[in-house]
Each structure stands twice: as structure tokens, then as C-alpha cells.
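Working from the sequences, and respecting the hints, build out all of it.
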Amino acid sequence: MPVDIPAPRPAVVTPVTEPLRVGVGYSDAADAATAGRAAAAEALAGLHGTPPELIIVYASVSYDLIALLHAVRRATGKAPLVGATTSGQFHDGRLINPGLGVSVLALSAGPYRFGTASVTGVTENGDDAGQRLARAARAAAGPEPSAHAAVLLLTTGLAGHQQELLNGVHKVVGAPVPVVGGSAGDDRLLIRTCVFENDNVLTDGGATAVWIASPTPLSVVAEHGWHDVGLPLLVTKSDGLVIQEIAGRPAVEVFREHFHDEVTFERPGLLKPAPGYLSAYAFGLIQPDGSKLVRGAYIDEDGELKTFSPLPLYAPVQIVSCKAEDLLRVTGDVVRQSLAGRDASVLLAFSCVARLDVLAEQGAKEAALIQDAAGDVATFGFYTYGEFARTTRVAGYHNATLTAIAL
Amino acid sequence: MTADVPADSETEQLRRQLAEAVDAARDAYRDTTRLIQLLDLLGRPAGSAELIGDMLNVLSDAFFADVVCMARVCGDRLIVSGSCGLPEDDPAYTEGWPVGEAVRRTLATAEPTALHRDVPAEDVPGSVAGLGIRSAAWIPLSAEPYADTLLILFRSLDQPFAVPDLRMLTSVAARLHMALEERERHAIIEQLAHYGHLLARHLEVEPLLDEAAGLLLRLTRADRAWVVTVEGGQGRLRAHRGLTPGIIADWPVPAKSLDDLPACEAGLPEVLKVAVSRENGATALLCAGREQARPFAQGTLEIMTIFANYLGVALTNADLYHALAERATRDPLTGLANRSALVSHLDTLLSAGDPTRVGVLFCDLDGFKAVNDLFGHEAGDELLLQVADRLRGSVRPDDLLARFGGDEFVIVLDRVKQLSEVAEIGARVCADLDDRLVVCGEQVQVSASIGGVLGVRGQATPSAMLRDADAAMYVAKARGAGQVEVFDEDASHRSRDRLDLRAELLLARSRGQLHLAYQPIFALDSRAIVAFEALLRWTHPHHGIVPPDVFIPLAEETGAIVEIGQWVLAQACRQLALWHRLPEGRGLGMSVNLSPVQLHQPQAAERTLDVIRAAGLHPADIWLEITEHSYLRHEVTEYAGALGAAGVHLVLDDFGTAYSNLSYLKRLPIEILKIDKSFVSGVTGPGGGQIDLSIVRAILAIADSLGLVAIAEGIETEDQRTALRSLGCRLGQGYLLSRPLPAAQAGLLLRPRPQLPARAHRVG
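Quick mapping for you: the protein sequence lines, in order, are chains X and D.
Going by the working numbering, the letters in the first sequence line up with residues 16 to 422, in that order.
Going by the working numbering, the letters in the second sequence line up with residues 937 to 1700, in that order.
Be careful, since some hints might not be right.
[To be verified] Derived list of chain D stretches under chain X, where covered just means 3 residues or more per stretch with a C-beta under 8 Å from a C-beta of chain X:
(1) 968–979
(2) 995–1001
(3) 1086–1093
(4) 1626–1639
[As the list claims (entries may be wrong)] To list a few chain D residues with every Cβ distance to chain X over 12 Å, as calculated:
(5) M1114
(6) E1120
(7) E1167
(8) P1190
(9) E1201
(10) R1266
(11) K1305
(12) E1318
(13) D1325
(14) V1380
(15) L1450
(16) E1542
(17) H1554
(18) P1678
(19) G1683
(20) P1688
[To be verified] Here are the simulated DMTMM-like cross-link-like pairs (lysine to aspartate or glutamate), alpha carbons at most 20 Å apart as the crow flies:
(21) K321/X - D214/X
(22) K1413/D - D1424/D
(23) K252/X - D976/D
(24) K252/X - D967/D
(25) K380/X - D341/X
(26) K252/X - D315/X
No lab work stands behind these hints: they were computed from the structure.
The structure displayed is predicted, hence computed values, not measured ones.
Note that beta-carbon positions come from the ideal geometry of N, C-alpha and C, so glycine has one too.
Here's what the structure looks like:
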């Protein structure tokens, strides 16, 4: 019996895909179900009837999170959902201060395929959790190969081991796949942070991720705007998060020496900063290319100098500082770099709660600048306890930084 | 006066100098830190894989490299063994990419290579090419054994790997190599210890050698591994991993050509061989080979030697175990299966799902003890060896022949359909054995008594079958030497009942189930009671009254008769002492039966007399009845002599039914003969009556001539009594005169009566 031989396909197939549709919703209703329902409805309305393919939820930890997710999912149906608790949110040029509200982003598929997954066990073995998470998220996006991809990674903020988690993800996906995202916040309470996947709320030790398969390359941008205020130094003695000696001298003493006269020791009038937290000074961890990764530092009640994540052995550092305008100076750059050469529909941004602390009463300016720079492109983000931007090397965990990806 | 204010240009210059100094300090600190980080990592306790993973991560971080990988040259391709930055499913791990110029140069010079801006595409794997690589470095890991392994760094940053970078990388690579070697060594030591343990688990040679081949392959990272044993001048391939059928077909080979035959190299370019040394020299050869001309890592031969030693020990252990297992399951004299092997084999057969049945023949040599006694134990052993040989020739190939113990052999017959087959085979074995054998130069007549049973699989148990076959053998032996008896289900059942009864008899006395009945012995003329015969009775709670001819032999078999006999004597004596107190009971005798077993006990005579005296009686009050065959032994004569001397009257029971050897009458102090019931009942019978009458007359004549008293047993009719009286028999007992009665009723008989019991008149 003769077999029909199919006609040869055209050499290059240009798939005609719908543009990525974006809907953003927000509610600050006190009741979790009401807030979730309202924010989800508003977000879905923005899709104009296109079915959602990915839902991102950022919420204050003060909500009954299960009830909140349940309300959102009732509206969004089976569309995969990820999210995190925050220490403030921003979208459409607007800042939602810590301790209030839920923001929902609804995305249609557009040219992308999304796969979500979550894991626990980051604290026990971050590397392994990262590998499992990356494999599961990639698998969830379906078997079809895609030319490019990126990973949106959300982890619980108080679990630590963020770089290990990233190492694990990197081991699986490799250098070609950039990673963006952040550590969940909890309105600066430093008690409990959570991430979401579908109906599940994972608390500290959990992480969730979205595999974003894309026909075009995706890039991740990170900038902080901090500048050094002293000479390079070596951390010569440390114990976990406690920095004991810098250049062979008591660390606190060396740290204080760098404080500028203008520094006001009054804390930003926000909810609950870490005790002795000096948002305006931090360590700049010197990178091989001369750049610096900012590592937040503070002097605790016992007078010990501490960081939020451990510095490597004999870390080369410079004390860095910033003013609100320094931080705001890079905001537009990050957005513009992210959008450059792309016909994007949404900018997903992750800014550090430390920036919000430094910005203090100018806090709302960053959100406004982000939207200004993005123009018509929707912007959606939250204030984190640490940001992910893995671009070139394996290292990709930041503090006090603004990271972004445009879709 | 104003302070000197530097001019703008000077300020600018100072600023620039400061910036340069800061940059220099930054670079210096950065270099210091990354060196410390790398060295710290090398010093941490971690396995090879973990060390490589962490090292590649740190290198990616410290040298700003998008991708760092460790890759090894395999043929003309570079295969990645570990990376930071390659996706886990990258083909670089499996297929690799062709060796390019940079790799060639690095390997040839053993110096690092760095390229900036024009990194040739051929030197970059596919997935890395998309990253816009601007700079790359290839660092040889070391000379040996990683001469084919490189560290490769790719970075998209437009910055060359500077000479100090390369120096640091080379130094780190060398240290990584050493650290890996060190860890490899540790891993090998651990692996060897673990493998030694794995080998030691095996107690059988075949699985041991098979496991050894598998472990050898992993231990040496060979492509093929095989184990050859040398036995009887032949080299045999015993286990292998990866050898082709063609190569396997070349084996075995003459042992002396093991070193030069192509088969021994398995057609491989690289082969290592190590002999497994044992006390008795090399008995095995371990071989590992590689398909390509890729030399084995240094030290592999030493590792194989240690492994070979482990294997040698494991082989010795396996031999010892085999010997122990043999000893545990073999009878050391005959080499036949022993009792435990027999039971285990029988159990296996009975558990098999097969419609056929299983037969068991239990063979016991006749007269073996005599051979042992006459010619000594060595002769006994020689006889057993010869018998074992005979039996080996008699059984079918699938049958199991076992020595059960002493002179007992058991044959297990598999796949038997019916009992007649068991009987046939038993008869054949019996016939084969029935012969004269020469043992220690003496001719010995050999035969065996054989019992057989048939067992249903899934129902019968080894112990039940052996017990029933043993019982059948006893029945056969009872019929005489060289007989075969097979038990069917019913016979086995009866034999089991007997065994149950035997067990219960041991407890009967303590449970109060035994009692005595007394049958009077009358003077036939005066009708006066001269004595009572004490008769033992067993009332079983389920079986009712168990006849003495059933339980007495059982008591004799178990030895319980000694204790029971003693009890009977004591009871009878006590009763007689009571009757002696009655006016009519004076001078009354008590006749008590003795089992031959009792007579064989040490100090039997003293114990008997002690019991009599303890009851306050004179030995002359007691008549002890013994049967003819119990005379046979010397100690009986002694016993009878001692009792006779003390005054006890000895009664010879059942006279005329056995040997009736008159010399015993002469040798033993017998005073009374009992004429068996079988003769008594015949004295008045039709036809045969004459013969019995003659026998009774002869017995009475003998008694008379020797001065003995005769008692007629089993008198049931008045005619018999009259006939016996007329023949001159003075004493008698029987149902005509009185049945055996409980003590109380028997005591009533002692009261003066005008005549014989009324029943006697009716019968008469």
C-alpha cells in the first residue's frame, strides 16, 4: 500500500504567536479571600479573555495565605501559580508599602511556555533542592525543546542557602539559562517568609520556580548604585554571619570608621528594621571584574557586626554606601537595559527591602521611576530579602540590588 | 600664610594615583582571596566528585567564567567529566566535541593555553558557543595519570586570562590533581576494603569468582575483566565481564601456555594479569583489559594484587566452608549423607509439588553387635563400609542413601507411585545384602531387616516417615533376619498408636492408672487357696483396660518395667502381709511375675529381697515367676541362685512353650513349674487332646522326677480339673476356680467355704 509522503516543510517556520497579554490586579482588603478574589479578578480582566498561562502573586505575610491562594485560584483556575510573601510590592509605578495588600499578575502564553515547580529542603541541601527544582520546572513546561529559556526563582528569605540553591539550578540548566528572582520577605518582621506554588504555601526551606521557554534570548539585568567609601579590605576573621575582624582589627571599629558625618543614625520610619540596621552602609564584595556584590550588614544589640549571608573566607571587601539618589540613579538603567531591543509586554523586577530602607520617604520614587522607564510596558515586582540575577558566572545572589527581566 | 593647596592638576594626579592604588589593592586582595578559597577547598574533606563540583563552581566565580569544565581526551574527542555552566543534558558530557588546536597544543606542551577574542569555534562546545565567548583558557591537569585531562574556562567577559591567572590556574590544577589522586587512593582503599567484604560473603566458589570479575572491572576501570583458574594443567575461564562469545570459545587452554596464548589476552591491547596466590601455589589468575591502547592508571597492578589476596582468602574460606558443610552433612566413616542431610533432603522432597510419592526404607543390620563384640570395633567399621558399598550398588541413581546411625541405613526413594515399589526395592536391597562378607579375614554372614513406608508430599513429614519405617523394620526383624516389612497407612497408624501408648505408659503409674488383680492358686484336691498370683492391670482413661500382652512388652521396651515391676512386688507383698494377719491367710504364698529386663538390673536380687523384707514377709512367702528365655544370661543364674538361697520360690512360667531346655531346670533353683494354658485346655479336647495330655503327663513326670511342684494354668472346666487331678497335678488356677479379683474381693475367698464356687457347677 503506497504511503503518502508529506510535502516538504518550508525551511524556516515563523510561528505566528499571540503577543503576551498582561493583567495586573491589586487589593488591600483586610480579608484574605476578598483581597485575593478582587486582585485576581482585576488581573484576569487585563487579559481581555485570553486564558491565563501563568499567575504570579505577591502578598503581605499578614494574610491568611491559604485562604488568599484559594480565592485567587478560584478565579484563575488551573493556570500555574507562583508567588511569594513580600516586604512591599510595586507595579504600575506604585509602591505598596510593607504590611498591606496583594498583587496579582496574570500572563497569557504569548510566545512563551511556562512550567512551574516547588521544592522543600533548601536549608538541608540547597544544591540538591536547586537541582530538583530546575528539573521539575523544566519538565513542567513540556518536552518540546525551546531555543532559549530563563528561570524565575523565588525562595523563602529566611532559609539562607540562596547561592547553594542557585548552584543547584545552575548545575542543571547551565550558563545559557539566566536566573532572576528574589527571596520572599515578611514585611520586615524577620519571622517567617513563604513562597507559593499553585495551592501550596511553602514556608522557610521552600522554593518555587518558573521555567520560561522562549523563542528569543532572555536576559537578566542587575544594578545597585552603591559606591565604595574606603579602600579595599580583607575580612580576616569571621564566624558564620558575624564579622569579627577586618584587616586584622575589630570589625565594628573598622566599619564605623567609614560612616560619613551626614549619616543619620535614625532608622527609616518603616515597620521593623533589624536592630542596629544601617541601610546606608554595607559590604561590597569585590568581584573578579572589579564590580561588587552588595552584602547588607548591621551592628546588632550585642555590638557585633553581622551580615545577612556569610562572606567567603578572607573576602576582599570595600565598605560601600549610598544615598537615595544613588539608588534611584540606576533604576532607570536597569529597566532600559532589560527592555533594550525587546518588544516586551511586562517587566518583572525584584528590589531589595534595604533599598526601600535607604529610600525612606522617597520609597515610592523607585516604583515610579521603574514605570517611567518602562513606558507602556507593565511593571510588576516586590521588595525582597535578597535578589537573584545569575547572568555570567555561577554567582548570582545579590543584596540591595534591583534585578529585572523583560518578557 | 596660607597652606599649600595643591594645584588642580596635582589633585587630579593624586586622585589618579589613589585610584590606581585602590585598583591594585583590590586586585591583590581579590587574587589572595581566590587563592585562599581554592586552597581551602582543596583541603576540605570531600569525595572526588564533590571536590570537582565545588572546585569548578569556585573557578567559575573567581575567574568570572561562564563555563568551567573538566574534560578528558578520548580518542579524537574531548568528553566533559564535570562542569559548572554546561546544562546537565549537554552532549559535551556524552559525545564531547572534536579535539581542537588549543587542546592539542596544551597536551603537547603540557603548558596552559589562553586565547582572547579569537577563540576558534572548533575549540568551543556547541552550547557554549551561544554565550558569546570572548576568552578561554586550557589548563593541563597534570602529567600522569590525568595527562589526557584538562581544565577549560570560557568567559563572555571581554577580558583575557592574564599570565598570573594562568599561573594560578596551573598551580590549582596541579593541586587539584594531587588532591584527586589522594582522594582516589582513599577511595580505592575504601573500595578495596568494601570489595574484600563483598568477596568474603561468598561461601560458594562460582558466585565468588563471578563477583570477583565484576568487582575487578570496577576496581581497575577496565573494559573487560575475567578470572581464570588453573586445575589439572588446564586454565579454565570461570567468570568474566564483557568477553565476547568468540573469546570464550577459546577456553580452556593448557595452563603452561596461559602467558602467551592470544585467548589469554582476549584480543585486547592493554591487559593486566595478577596471580591469586594461595598456600598451595597460584590457583587462579585475575585479568583486566582495555579495548583501546589506553594505559591503566599507575598503581592498578598493586591494587589488583591486594584484590587478588582478598580473593585468595575468600577462596580458602569457601574451601573451608565446603569442607565444614561436607562434615555437617556427611557421615565421616562411610561418606554417606548423615542423619541431618537425610532429614533435610526428605523434607525438600516432601515439600515439592509433584504427584508422585516418596518412599523410605529403614535398614538395620542383623547381628552387627555380634560382629562388633567378636572381632572389635574396627571390624565393625569395616563391615559398615562394605555394607555401605553394597547399598550404594543397590540404590537407584536418584535415591539418597544415608547412614542413620550405628548399623542403621536409610534409603530415600523419590518419585514412587505405590507401596509395592517400596517393597520391591526393599526386597532387592535385602537380597543384595544377604551374603557372606570377609571382615578382618573372617567370614561374616550379613543380612538386614528392612522397613518401608510411602509418604504423600505435602502431608507426610520426615520424622513421621522415619518413625514409621523404623517401626516397620522392627516388625520385619521380629519375623527373623533378612526380612522386609512395609507399612501402609493403617499399619503406620497402629504403630503410631503403639508409640502413643508407650509414651502414656511412662506416666500411667503416677496417674494412678495401674492396679493389681489377684488370682488364687488352689490345691486341686482340697480346694484350699495356697497362693495368689498378682497380675498387673492398666486402665487407660480412653482405651479402657489395656491387655497385659500389649503393654508389658511396651514397658519392657522403654525400661519402665523396672520401676513398675518393683512397684508390683511392693504392692503384692504389702497385700500378702495384710492377708497373713487373717487367721485363714497364714502360710499363704504370693506369686509375682518378673520381667527378664528386671533381672538384668544391677543388684536385682538384693533389691527384690529388700522389698520382700520391707513388707515384713519372709522370702519363702514369695513365688517369683520367670519365663524360659530369661535364663539365657549368666546374671539370671546368679539372681535366681541368690533368691533361691534366701528362700524365695522360683516359678518357671509357661513351661513347655519355649526351649524347655531341661539343663536350665538343673542349673537354676526352680521349685515350681507352670503348665501353660494351651496344654491344659487340650487335655480334654477332641482329637488333639491326646497329644496335650501326653505333654502334660510328661511335664508332670519331669516335675515329679526333679522334685518340683506343678501348677496348671487356665483351668476353665470341671473336666479339665478332674483330668489334671487324675494325672497327679496338685495345684491349679483358672476361671473355673476364680478370675483375677481386686484385693478386697480376693480377700473374701479366704473365708472358709463349704464348696467351690457355684458357677463351676453350672459350667461343669
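Tested hints:
{"no.": "1", "hint": "968–979", "result": "holds (count 6)"}
{"no.": "2", "hint": "995–1001", "result": "holds (count 6)"}
{"no.": "3", "hint": "1086–1093", "result": "holds (count 3)"}
{"no.": "4", "hint": "1626–1639", "result": "violated (count 0)"}
{"no.": "5", "hint": "M1114", "result": "holds (21 Å)"}
{"no.": "6", "hint": "E1120", "result": "holds (23 Å)"}
{"no.": "7", "hint": "E1167", "result": "holds (51 Å)"}
{"no.": "8", "hint": "P1190", "result": "holds (55 Å)"}
{"no.": "9", "hint": "E1201", "result": "holds (42 Å)"}
{"no.": "10", "hint": "R1266", "result": "holds (56 Å)"}
{"no.": "11", "hint": "K1305", "result": "holds (77 Å)"}
{"no.": "12", "hint": "E1318", "result": "holds (74 Å)"}
{"no.": "13", "hint": "D1325", "result": "holds (70 Å)"}
{"no.": "14", "hint": "V1380", "result": "holds (81 Å)"}
{"no.": "15", "hint": "L1450", "result": "holds (79 Å)"}
{"no.": "16", "hint": "E1542", "result": "holds (87 Å)"}
{"no.": "17", "hint": "H1554", "result": "holds (100 Å)"}
{"no.": "18", "hint": "P1678", "result": "holds (90 Å)"}
{"no.": "19", "hint": "G1683", "result": "holds (97 Å)"}
{"no.": "20", "hint": "P1688", "result": "holds (110 Å)"}
{"no.": "21", "hint": "K321/X - D214/X", "result": "violated (36 Å)"}
{"no.": "22", "hint": "K1413/D - D1424/D", "result": "holds (17 Å)"}
{"no.": "23", "hint": "K252/X - D976/D", "result": "holds (15 Å)"}
{"no.": "24", "hint": "K252/X - D967/D", "result": "holds (18 Å)"}
{"no.": "25", "hint": "K380/X - D341/X", "result": "holds (12 Å)"}
{"no.": "26", "hint": "K252/X - D315/X", "result": "holds (17 Å)"}
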